[in-house]
Amino acid sequence: MTPEATSDSVPRPGGTGPLAGRTVSRIGYGAMQLERLHDRRDDAVALLRHAVERGVDHVDTAEFYGSGFVNEVIREALRPEDDVLVVTKVGADSNPGGRVRLRLAQRPEELRASVEDNLRSLGVERLDVVNLRRLDTGPGLRPEGDQVVDLDDQLATMTALRDEGKIGAIGLSSVTLDTLRRALPAGIVCVQNAYSLVARDDELLLELCAAEGVAWVPFFPLGGAFPGLPKVTDDPTVQDVAAALGATPSQVGLAWLLHHAPNVLLIPGTADAAHLEENIAVGDIALDATTLGALDAVTSRSYDVPIG
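Letter by letter, the sequence shown follows residues 1 to 308 of UniProt numbering.
Honestly, the hints are just simulated from the structure, not real lab data. Every residue gets a Cβ at the ideal spot worked out from N, C-alpha and C, and that includes glycine. Errors might be hidden in some of the hints.
The calculated SDA-like cross-link candidates involving lysine to any residue, where the alpha carbons are at most 20 angstroms apart (straight line), are [said to hold, decoys possible]:
# : residue 1 : residue 2
1 : 231       : 291
2 : 166       : 112
3 : 166       : 291
4 : 231       : 270
5 : 166       : 68
6 : 166       : 126
Pairwise CB distance ranges, derived in the manner of DEER restraints [said to hold, decoys possible]:
#  : residue 1 : residue 2 : range
7  : 297       : 126       : 38 to 48 angstroms
8  : 246       : 181       : 36 to 46 angstroms
9  : 236       : 42        : 38 to 48 angstroms
10 : 164       : 240       : 49 to 59 angstroms
11 : 274       : 224       : 17 to 27 angstroms
12 : 272       : 108       : 37 to 47 angstroms
13 : 296       : 81        : 36 to 46 angstroms
Could you put the whole structure together from the sequences, leaning on the hints where they help?
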């Protein structure tokens with residue numbers, strides 16, 4: 001895998017791939033972990049600056065990460081000349097003090113309010129990409145009561161916001177194959193679902209994305225985010241491959257995703273500079289046919305575990 005360089009000759013981690021009409025690094029940065037640096041704001045800004053300086057030009061965020069803190073860090077750290085594509089999401093809001101840290105916000109007026117909140121905290125006039133997190137599948141909360149909203153009503157709001165120039169492009173998150181099929185005519189540019197080497201329920205969804213030129217951006221790419229969910233790093237085959245390559249099991253799990261499909265973009269997150277370097281190095285890991293075959297044969301287990 002040969003990384004392509006940015007305009008100032010910094011290699012793009014993992015090479016490049018298309019997203020919303022742009023060419024971005026296939027290894028991006030998931031900013032959620034920056035909220036762990038809430039009391040060390042300067043360190044959070046410095047970490048994100050380091051990621052950009054290392055060629056990362058695709059950042060994933062949400063207003064509900066740290067109740068706006070993460071977006072504020074992005075606003076402070078990124079400069080126009082960095083030309084970083086920032087993807088945010090709507091469909092949930094932060095719920096400080098609640099048993100579950102998120103509350104659903106699926107109604108059209110809530111989606112619009114969340115877009116406005118992201119515009120304010122990021123300090124921009126237009127959001128590059130906004131993912132509508134439907135929460136129809138995967139681990140996590142499920143809509144109930146007035147939070148059960150028809151997809152067409154949500155897409156009408158999202159496309160209106162795009163027509164108004166507040167959104168550049170629309171993505172989806174936590175959706176089923178049927179939902180994606182229904183939504184494609186609206187011009188979907190990416191899908192974020194829980195997906196990893198050990199949890200591949202959405203293989204058909206990934207294949208449809210590849211066929212339609214839609215980026216596949218897995219969250220929980222190493223599994224195990226909630227108790228009882230499978231972890232890539234616990235798998236013996238992954239551990240054996242890592243030992244043979246002189247890599248970590250986490251790096252092998254991420255490298256498999258890059259090799260598995262050309263439309264995969266990664267957004268691994270971290271609050272640690274050394275871990276960031278490990279994630280960036282994933283783009284240099286080569287997996288031969290024999291190794292890929294062994295990893296492909298790893299048993300996939302279901303991710304459909306509601307919580308909350």
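Results of checking the hints against the structure:
1. 231 / 291: holds (19 angstroms)
2. 166 / 112: Since the Cα atoms of residue 166 and residue 112 sit roughly 10 angstroms apart, the hinted pair holds (cutoff 20 angstroms).
3. 166 / 291: violated (45 angstroms)
4. 231 / 270: Roughly 17 angstroms between the alpha carbons, so the hint for residue 231 and residue 270 holds.
5. 166 / 68: Holds - the C-alpha atoms of residue 68 and residue 166 are around 18 angstroms apart, at most 20 angstroms.
6. 166 / 126: The hint holds at about 4 angstroms.
7. 297 / 126: 38 to 48 angstroms: Between residue 297 and residue 126, where Cβ atoms are some 45 angstroms apart, the hint holds.
8. 246 / 181: 36 to 46 angstroms: holds (43 angstroms)
9. 236 / 42: 38 to 48 angstroms: Check passed, 42 angstroms falls within 38 to 48 angstroms.
10. 164 / 240: 49 to 59 angstroms: Holds: the Cβ-Cβ distance is about 53 angstroms, inside 49 to 59 angstroms.
11. 274 / 224: 17 to 27 angstroms: holds (21 angstroms)
12. 272 / 108: 37 to 47 angstroms: holds (39 angstroms)
13. 296 / 81: 36 to 46 angstroms: For residue 296 and residue 81 the Cβ distance comes to about 41 angstroms; the hint holds.
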